[in-house]
Amino acid sequence: GDSVTQTEGQVALSEEDFLTIHCNYSASGYPALFWYVQYPGEGPQFLFRASRDKEKGSSRGFEATYDKGTTSFHLRKASVQESDSAVYYCALCTGFASALTFGSGTKVIPCLP
Amino acid sequence: GPKVLQIPSHQIIDMGQMVTLNCDPVSNHLYFYWYKQILGQQMEFLVNFYNGKVMEKSKLFKDQFSVERPDGSYFTLKIQPTALEDSAVYFCASRRLDWGGAEQFFGPGTRLTVL
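Chains A and B are the protein sequences, given in the same order.
Residue numbering for the first sequence follows my numbering, beginning at 653 and increasing consecutively.
Residue numbering for the second sequence follows my numbering, beginning at 209 and increasing consecutively.
Derived from the structure by calculation, the hints contain no laboratory data.
Using N, Cα and C, we set each Cβ at its ideal position, and we do this for glycine too.
You can take every hint at face value.
Straight-line alpha carbon distances no greater than 25 angstroms define the calculated DMTMM-like cross-link-like pairs of lysine to aspartate or glutamate that follow:
#, chain 1, residue 1, chain 2, residue 2
1, B, K286, A, E694
2, B, K270, B, E252
3, B, K265, B, E276
4, B, K261, B, D232
5, B, K267, A, D654
6, B, K267, B, E293
7, B, K265, B, D306
8, B, K286, B, E276
9, A, K759, A, E660
10, B, K211, A, D736
11, B, K270, A, D654
12, A, K720, B, E311
13, B, K265, A, D654
14, B, K286, B, D222
15, A, K706, B, D306
16, B, K211, B, D279
17, A, K708, B, D306
18, A, K759, B, E311
19, B, K265, A, E694
20, B, K211, A, E715
21, A, K708, B, E311
22, A, K708, A, D736
23, B, K211, B, D306
24, B, K261, A, D654
25, A, K720, A, E660
26, B, K211, A, E694
27, B, K261, B, E311
28, A, K706, B, E311
29, A, K759, A, D736
Beta-carbon label-pair distances, calculated as ranges:
#, chain 1, residue 1, chain 2, residue 2, range
30, B, G224, A, D719, 46 to 54 angstroms
31, B, L247, A, T657, 16 to 24 angstroms
32, B, S266, A, T657, 17 to 25 angstroms
With the rest of the complex left out, here is chain B (with noise of 0.2 angstroms):
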């Protein structure tokens, strides 16, 4: 089936740097998204990005993240300062435009770990 790419799998960085999380998403897919899940806990919504837009953004989305797909290239999710809090597993997820394609396709994950 379609296939979500995310790289890396794994980064560690120190607290107060700056991470790029990488995404590249099913090639005719138009809606884009960011997921954060702290280990054990429930998947949580961060941001959804269309047309070179933030559509929609939750509480987790703070000031110091941002999102962009410059010329179609990687969906990025960007970290700057990074924080202890950050530390989670972030997945990315795309879907088609039409109505019939409402299932978002995931990506097997980044692990973050800030330290």
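Same shape as in the complex, but just chain A (with noise of 0.2 angstroms):
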């Protein structure tokens, strides 16, 4: 079946540091892939997503390119902020209103000065 593969469980981050959070994906047919952000105590909100190999989604700053020959959609953030502390949540979707399928998230955390 789908699956959707995020390496790292957790990343501790200085302010300002350059975040890359690892995503890869293996699918029957060519699905639509998303990035979702989960605050403590709430549901995943949306972050963007992109349905076609090359295709960049982006949204406050995180960016993630489409890449069919990787299988991968990588989270990128040039400078991170401590309002960024979440889980982030790589997914995929392989048809019409199809259920998500997603990884098994990565927590983004502040390190101390």
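Starting from two chains that each stand alone, build the complex the way the hints lay out.
Given below as structure tokens:
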């Protein structure tokens, strides 16, 4: 079946560090790819999506590019802020209105100065 | 932005009892979903629902589970009877019908504890 792999369970960063969260997928067909962010006590919030190879999605300074060749959709942000502390989920969807298949999530935590 | 509401936020019940989780989806959305997240684990799809019917369900959607949205009111997930392994946070989501509205909007979740 379809699957999403996020290799980092947790990432500790200082303010203004560069953030990368790796996401690789396995799916039949041509999935749409998503990033969601979840803050404590809340449900996942949609960040952005990409639907075709080489398409870049972006929002709030975060971005990711759909790469069909490497089956990846890595999340990046140039300068992370304390307010970015949250759990980030990569997800895919293979059909119209189908279920989202989520990765295991990556928790971004601030390093103390 | 659009909000999905879930009632209650927490529910504690004894094993074997029935529980109904309520979801108030975004007003112009027509597709509805339930997901389950056990503490520390990833979010997993249970079921989706459109036009009064279950469209797709996972193997986690046991026979004890049912969903409905009577007369455009709450979209509900009923578990009868409950089991210990049903303890989890249940998230409702909804989305628009058109191709442009691919993203699902999630509620804050209902934390269900089965004793």
